[in-house]
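2 protein chains.
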Amino acid sequence: MSEQPTRPYRTELSPISFLRRSASVFPDRTAVVHGERRYTYRQLEDRVDRLVRALHAAGLEPGDRVAFLSPNTPPMLEAHYGVPAAGGVLVAVNTRLNSEEVGYILGHSGARFLFVDAELEPVTEPLDLSGLTVVRIDDAGAAGDPYEDLLEAAGARPPGEPLPEAWLDDEEATISINYTSGTTGRPKGVMYTHRGCYLNALGEVITTSMTNDCVYLWTLPMFHCNGWCFTWAVTAVAGRHVCLRKVDPARIWELLEGEGVTHFNGAPTVHIGVVNDPAAHRLDQAVTVTVAGAPPSPTLLGQLGELNFKAVHVYGLTETYGPYTVCDWHDGWDSLPADERARLLSRQGQANVIADPVRVVTEDMADVPRDGATLGEVAMRGNDVMKGYYDQPDATDEAFRGGWFHSGDIGVMHPDGAIELRDRKKDIIISGGENISTIEVEQAVARHPAVLECAVVAVPDEKWGERPKAFVSLKPGASATAEEIVAFCREHLAGFKCPAAVEFTELPKTSTGKVQKFVLRDKEWSGRDRRIN
Amino acid sequence: MSEQPTRPYRTELSPISFLRRSASVFPDRTAVVHGERRYTYRQLEDRVDRLVRALHAAGLEPGDRVAFLSPNTPPMLEAHYGVPAAGGVLVAVNTRLNSEEVGYILGHSGARFLFVDAELEPVTEPLDLSGLTVVRIDDAGAAGDPYEDLLEAAGARPPGEPLPEAWLDDEEATISINYTSGTTGRPKGVMYTHRGCYLNALGEVITTSMTNDCVYLWTLPMFHCNGWCFTWAVTAVAGRHVCLRKVDPARIWELLEGEGVTHFNGAPTVHIGVVNDPAAHRLDQAVTVTVAGAPPSPTLLGQLGELNFKAVHVYGLTETYGPYTVCDWHDGWDSLPADERARLLSRQGQANVIADPVRVVTEDMADVPRDGATLGEVAMRGNDVMKGYYDQPDATDEAFRGGWFHSGDIGVMHPDGAIELRDRKKDIIISGGENISTIEVEQAVARHPAVLECAVVAVPDEKWGERPKAFVSLKPGASATAEEIVAFCREHLAGFKCPAAVEFTELPKTSTGKVQKFVLRDKEWSGRDRRIN
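Listed in order, the protein sequences are those of chains W and G.
If you count the first sequence from 1, position 356 lands on 356 in our numbering, and the numbers rise without skipping.
If you count the second sequence from 1, position 96 lands on 96 in our numbering, and the numbers rise without skipping.
The hints are simulated quantities; they were obtained by calculation from the structure and are not laboratory data.
Hints may contain errors.
Simulated coverage check for chain W against chain G, where a stretch passes if three residues somewhere in it have a Cβ under 8 Å from a Cβ of chain G [claimed, not checked]:
#1 8 to 16
#2 38 to 46
#3 205 to 218
#4 384 to 391
#5 396 to 408
Reference excerpt, derived from the structure (chain G facing chain W, CB under 8 Å, subset only) [unchecked claim]:
#6 29
#7 237
#8 381
#9 404
Every residue, glycine too, gets a C-beta built ideally from N, C-alpha and C.
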């Protein structure tokens, strides 16, 4: 926090500045909608400043981690400004995790604060939270809600006081840590910088054609890559955040027209739910829907188009601040047959406007030919690649070997420069846009007393893209049903990570005894041209 | 050009990357239109790469200044990518200057290259260009045009060769120098950085709501603040550049519908010409027109609205990469009476999305009250403030005193945070968006053998905003007519800088003999509430 030499032509980039500007220029414009509650930009800024003061009053030191476990509510949005403005680092925790998983993240990140939505309090109840300052959020927006009482007690920022974020003297400072499951079983903490989030937010504005009249519906979890940085992007255009506690297609249809929504994002499973809802009908105003986590199917694309949704297909990872590539719509595609259009749009495309060109590389970092056939690993680098894994220098070095981030995704490079994913190097299942480590699931299954050994692979699923399937061999003389195995897993794993199916079988092995998971995957994915969905 | 430590999360920002991306993603999309000529993004990139190779072949060394004297043609646009990609610094020279002035800029910048449009060659003919490599641009786009022959001879970038801009290891490197007239008479060279242009380009995209379907008409000179960085912004959204050699309202009307123009920019005089052209009629598609250099009058705003032009009022200086503030349209303004709307929109507004908050300050850098009445100087700092004046450290220090850029513009701060200009601290006339130094005009007038002394002040002008008026006292016994004085000035000054009027009079002076220019200004501006137009 040293004094910087005065260079009038240099300001450290931080997405907090977007809130300051929108609150100054459009103080009376509605910034946040949450059911009956509405906050103007002036009110949003005031709430953020109060959160800063509350954190400071509670003893937050520069660099302290502040965990939020919350659905998409105003407090969760406020955290994206208040925590970094206070000098803290935001750890937005996946709300689908169980107690053990949340406990691991709180411990690994060394969080000193935990803000927890009342609905999720049961998840944290079994944990030893003695080292943390815990604040419950009732999401009531009124006195009596501990979060609201905290803001009230903290008081407003006195006029003329310097902005709290004036501490920022290096735009590469960490703004947030987002935990994501890897192959090692335990989630890793992906560090984002102020600079990266600022640039990625501006990139999202261009990628999804957001303008001043943007009304953004929060179908995507804010905990997921900080909502792909849309927590900041929507504010950059002085748009409107429409909060949503859970993805409920009927409620989404109410809000689409009731609030004049122009944009929302999600994995295909979100969009499938929306287009198949009984309330679905063609919209007067086109709505831009960004799809990631898995390519949209021709069926989904057709349905979206009929209802006047404009689909934007993007691809990225937690390690790339969310979307890194976009399959931009091209002049002339409108007139193609629907299947051809869908085939082109199902590709992951090219780097977005603030990203460096994406590569598909061999083991020794040579580019694969642009033939749409040769497999290689997708590699990225640049301002929207993570700073590293928190407190895991070895994992960081491994991910950054050769000076590039290794995605673990296997794909091809088409002659036009678009990449297309075909397989996954790492043993990861992507279900509804969230990572599941197969090893983590295997370890849970293996803890069942009747299980001798097990292997978990991804299997295709129409709704979620992929789901885990467990292949299990039992101990001699022992017995268990599939239902018992799944129920056992639920005690140790978040529900979405538990096997969707259990098959009792001898596991295929190499002569040296190594389980051949590819044999199991081949069987489950036979007849398909790719091994991911 | 040293090796940087490998940080996979860091890429130096440069607007050259926008061209690389658009050429990769949209190679077949039309990037440039110039009369019958059209270049796709693939072709534009190829031409830029050839320009780089030509500059390297001709001996360009890193940091060399490359001057372009050209209207808004494809080569002028290509220079904005090719010169910095080659490691050079672009000096885009005002095409309205005379030989002496152009000679000064070539000399002061130490340019090693001069690219000159054939129409402007007479301006450079009297100059000693022996130290420069000179290339004529016939703007023919075909063999026989020296510029085209140069590109042809340079050859295409070999496949697989690293991008030429890979030299960039510091985003704060100078990308261009833009000369602007100041109070000292001689123009000063304003240095822009790669980082500043990158960020300002993204800011312009948001300020003017540019999306992927943008068709931008080049009414604004590309030499003026590098076209307010729209040279790069249009490419960032993969939009279309429609070139225009000169502002010709009839031609503009042809292009508006013929090319489906969505955006164009300029000083009010440009827009006044457009709305009053015989071809003017209401457009089916709204066109965003950005106005700067002087506030749009209620009359102009009314005419723009009737014709379906959406006016965006911005304000800035060469020292701020062009626009710094924008008077954003507010919800509710549509329903206000036309005069009230115009009054609100005529204010200069607030900092744009990538700019730091603008201030209005006293001599000792205290903020004036937000009362819409107390005068102060407009001050800025941040990523869209110049790096400094080229080779003028004293002038730079003076401009940056107190750690802020001092604009020399006098204004007020309204209660809502919008600034409004009222006067000018420096003796500068802004005519059609271009600076004219009163001292420079005075010096030219004073060189006339009959002139004893003279004072030049700005006077309001309906078309140009302001024009210079000279007050002259003659030597005893000498005589001269106004016409003779103006004709004499034309020998030494660009036409737009010559007095629009000459009045022979005794000059008002203080008791110590200092000319009281404010007395002359007061007389010319009486009955107005501000002293600028």
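Quick rundown of the hints versus the structure:
1. Residues of the segment 8 to 16 of chain W with a Cβ under 8 Å from some Cβ of chain G number 5, which satisfies the need for three, so the listed coverage holds.
2. Coverage of the segment 38 to 46 of chain W by chain G is violated. Counting CB-CB distances below 8 Å, 0 residues qualify, and the rule asks for three or more.
3. A count of 5 residues in the segment 205 to 218 of chain W with a Cβ less than 8 Å from any Cβ of chain G is obtained; the coverage claim is therefore met, three being the minimum.
4. Counting residues of the segment 384 to 391 of chain W whose beta carbon lies closer than 8 Å to any beta carbon of chain G gives 4, which reaches the threshold of three, so the coverage claim holds.
5. Counting residues of the segment 396 to 408 of chain W whose C-beta lies closer than 8 Å to any C-beta of chain G gives 4; at least three are required, and the coverage claim holds.
6. This hint holds: residue 29/G has a C-beta 6 Å from the nearest C-beta of chain W, less than the 8 Å allowed.
7. Hint status for residue 237/G: holds, given a least beta-carbon distance of 6 Å to chain W, under 8 Å.
8. The interface hint given for residue 381/G holds, since its Cβ lies 4 Å from the closest Cβ of chain W, which is under the 8 Å cut-off.
9. Proximity of residue 404/G to chain W holds as hinted, the smallest CB-CB distance being about 6 Å (cut-off 8 Å).
In terms of the numbered hints stated before, the structure departs from hint 2 and from no other.
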